[in-house]
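A.B. asks: So you can see what is in the structure, the chains are spelled out below.
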Amino acid sequence: MLGRRTAMIVVTGMFFAALMLSLLTHSTGVVRNDPARNIWIPAELTMPLQLQVAFNETQIYFRYRWPAEEPHVLTDLLRYSDGKWQRQTRTPIGSDPDGLAEDRLSMMLDDGSVPEFQRYGGYITVGANMRDFTGSGADAAHRRKYLPATRKDPGDWYSIADAATLDAQRRAGYFLDLWHWRAHLSNPLGRSDDQHIAWFRLYDSGETLFFSNWDADRGQPRWMFDPQRGGVRALRWEDVPAARADASEHYYLREDAAVPFDPDHEWREGDVIPGQVLREAEDSRAEIRVHGQGRWADGYWDVTLVRALDTGHPLEDKVLRDQGVYTVALSVHRDARASRWHYVSLPLQVGLARQADLVATRFTGNAPDWTSVETRDITLFYPGQVSWPHLTGARHAGSRYIAKGVPVKYRHKESQLARYGIEMEFDREIRRQWWLTLVAGVLLIVSFVFSVGRLFRLREG
Amino acid sequence: MGPYHAIMVHFPVALWTVAAGIIILRGVSAGPLARAFDRVLVSLLFIGAASGLVAYVLGQLVWPPDTLQATPLGRNHMMAATWSLFYWAAVLFLRWRTGERAWEGAINRLIMVVLGALGAGLLAITGTLGGHLHGAPAYLSEILRMLGFDVYQTYYVPNGVLAVLAIVIVAMPALAIAAARKRAAPAMHGEGGK
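Protein sequence lines, in the order shown, are assigned to chains A and B.
Residue numbering for the first sequence follows our numbering, beginning at 10 and increasing consecutively.
Residue numbering for the second sequence follows our numbering, beginning at 6 and increasing consecutively.
This is chain A alone, in the form it adopts within the complex (with noise of 0.2 Å):
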């Protein structure tokens, strides 16, 4: 048996092995994907990018920066598999194993008229049970971003204002301007679509940048490559990881440059044609526009996008002036993810030639001299699944904060941010566990307490 020296000792180190142990593998064993819950985690919960804006007298101009491992420049395509067209379309959970999903970027930009947005940014948009929310159910793919005010309970979906109401918020400017930028759908065109957020995530108004290139009535596509100008019809299932945003390769459909699908032709196991054709949009729908090229190159995405100040279209894009300040939250798309797999940003102030978070420079000219112009580097972050209604309810410890207007950067930091969206995703699975660790580490005081007091009063020899 043990002597009382020996026994110290030992129990002693039990004890501390068992921190040690603790220590080693704390927050472990519950966080991991689970399809079946819609729950996919990056690798990397936050990824920088650079920002920089420029303006003239009519233009303004925002340049993106953002690392991005591989390009993702396809997204909806027909397959020719098993003697018939089948649409490869999908939403995918987290990365899409075959790449079918565009890198793009996106960027909230508000004047002041959704004063929440400039606290809290796109969290504000979030509501309850969202598309591809664990739990949301097969009737969720419609529900998607809008403003708290536009519902009569911000917390449900359905409870929209009445046409009223929201006519009037529209004209009081009560809606988000939205820029989305999409390698496959408007980069090509050199265009960015050009979204709002009001009650929903709405198009303004013109011609769309792509439109459907199935005929489900036929079961096959409606157009296809023109062999005269590439010599080929269509692509190869095989070549789709390699596709690159490089405008000697054929990767994307216009319509200018399409013709009529060829039922006749022999295809062969394997072929695929874009889902979508592009075309040049018209109105507001077209008042964004890539400067340059929207290139990828050594790791990184250079896109830079252009618009005029006043769009003449008050009611769907933000007008912005000379010494105003305006609010922008970004995200970004990559690794080929979709949906509310995103990186985002906090809201940021950006000035036009006035203090801010970013000072928009003042240019002359049609294009701006980058390297004269400030560049805010951000760090865009896994949201998780956060809505604004958790936020601003009794169960964030924060909505108190909220509701006196504090802003999200005073009491959280991005990376703390993506934590906390994690967490939110295994609630349930990590309160359970901690309450058992909670219980396990009283034990454990309590016994080696008890442990070394008794060995304490055994006297020495």
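One thing to keep in mind: the hints can contain errors.
Now the stretches of chain B that chain A is said to cover, found in silico as 3 or more residues with beta-carbon under 8 Å [as the list claims (entries may be wrong)]:
1) 24-30
2) 85-98
3) 174-181
Below, simulated EDC-like cross-link-like pairs (lysine to aspartate or glutamate); rule was C-alpha separation at most 20 Å, straight line [claimed, not checked]:
4) A/Lys422 <-> B/Glu147
5) A/Lys93 <-> A/Glu291
6) A/Lys93 <-> A/Asp224
7) A/Lys93 <-> A/Glu278
8) A/Lys422 <-> A/Asp366
9) A/Lys418 <-> A/Asp386
10) A/Lys418 <-> B/Asp155
11) A/Lys422 <-> A/Asp386
12) A/Lys418 <-> A/Glu125
13) A/Lys422 <-> B/Asp155
14) A/Lys418 <-> B/Glu147
15) A/Lys161 <-> A/Asp107
Far from chain B, some chain A residues (derived; all Cβ distances over 12 Å) [said to hold, decoys possible]:
16) Leu33
17) Thr37
18) Asp141
19) Tyr167
20) Pro236
21) Ala365
22) Arg385
Honestly, the hints are just simulated from the structure, not real lab data.
Where a beta carbon is used, it is the ideal one built from N, C-alpha and C, also for glycine.
Given the structure of chain A, go ahead and fit chain B onto it with the hints provided.
C.D. replies: The following block gives chain B in isolation, referenced to the frame of chain A:
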């Protein structure tokens, strides 16, 4: 209850910090000053535990339980506070029941010094997390992050580690009791021989 909790925690924090200092001092010194401090140790620990219990209860009333337990910072603070309370109450029990024997021999003193240092560390973590919750983060959390503990992540261990902890929880007193019985056995034999 937030302001009252903030006021009340000053007492256990101060008392337990002083207690940790006394324990460490007495562990390394048997001088008159250390002995004088040690004479008030049980009193300090008792008042610390009592005021700590009050602060703990007030802390539980700052937010509804579901709110406090819905946030990683809240969970971590509550866990650290619970462990601190039990830890220092256990140290009180230990010092009270063992008396001067706590300082007999090098191993006893070493264990007491380690207990004091560990308690001070636990107290610092609890206070840091409380400061975070109150909106006043301290640099200590950066140090903790470098040591592998991100305060924005709930502290929990996986089931396998819980099983190991359960074994340790049972094994430690079993060893102590076995050692005590071994010591008692010769004495009983001796009495039987008279």
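A.B. asks: Hint by hint, note whether the structure agrees.
C.D. replies: Comparing the hints with the structure gives:
Under a criterion of three residues with beta carbons nearer than 8 Å to beta carbons of chain A, the stated coverage of the stretch 24-30 of chain B fails, only 0 such residues being counted. With a cut-off of 8 Å between beta carbons, the stretch 85-98 of chain B has 7 residues touching chain A; three or more are needed, and the interface restraint holds. Residues of the stretch 174-181 of chain B with a Cβ under 8 Å from some Cβ of chain A number 7, which satisfies the need for three, so the listed coverage holds. Restraint check for A/Lys422 and B/Glu147: satisfied, since their Cα atoms lie roughly 13 Å apart, inside the 20 Å limit.
Taking the CA atoms of A/Lys93 and A/Glu291, the gap is about 35 Å. The hint is violated against a cut of 20 Å. Straight-line distance between C-alpha atoms of A/Lys93 and A/Asp224 comes to about 13 Å, which keeps the hinted pair within the 20 Å bound. Simply put, A/Lys93 and A/Glu278 have alpha-carbon atoms about 9 Å apart, close enough for the 20 Å limit, and the pair holds. In summary, the hint linking A/Lys422 to A/Asp366 is supported, as the alpha carbons are separated by about 16 Å, within the 20 Å threshold.
Only pairs whose Cα atoms come within 20 Å are accepted, and A/Lys418 paired with A/Asp386 is accepted, the gap being roughly 15 Å. The suggested pairing of A/Lys418 with B/Asp155 holds, with an alpha-carbon distance near 19 Å, which does not exceed 20 Å. This hinted pair checks out: A/Lys422 and A/Asp386 have alpha carbons roughly 14 Å apart, not beyond 20 Å. Pair hint A/Lys418 plus A/Glu125 holds up; C-alpha atoms about 13 Å apart against a cutoff of 20 Å.
The hinted pair formed by A/Lys422 and B/Asp155 meets the criterion: a straight-line CA distance of about 13 Å does not exceed 20 Å. Pair hint A/Lys418 plus B/Glu147 holds up; C-alpha atoms about 18 Å apart against a cutoff of 20 Å. Taking the CA atoms of A/Lys161 and A/Asp107, the gap is about 42 Å. The hint is violated against a cut of 20 Å. Once the 12 Å rule is applied to beta carbons, A/Leu33 is inconsistent with being away from chain B; the minimum gap is 7 Å.
Look at A/Thr37: its CB is around 6 Å from the nearest CB on chain B, not clear of 12 Å, so calling it non-interface is violated. No beta-carbon of chain B comes within 12 Å of the beta-carbon of A/Asp141; the shortest separation is about 22 Å. The claim that A/Tyr167 lies off the interface holds: its Cβ sits roughly 26 Å from the closest Cβ of chain B, which is beyond the 12 Å cut-off. A cut-off of 12 Å between C-beta atoms confirms that A/Pro236 is not in contact with chain B; the least separation is 56 Å.
Look at A/Ala365: its CB is around 24 Å from the nearest CB on chain B, clear of 12 Å, so calling it non-interface holds up. Every Cβ of chain B is farther than 12 Å from the Cβ of A/Arg385; the closest lies at roughly 24 Å, confirming the non-interface assignment.
Hint compliance for this structure: hints 1, 5, 15, 16 and 17 are broken, all remaining hints hold.
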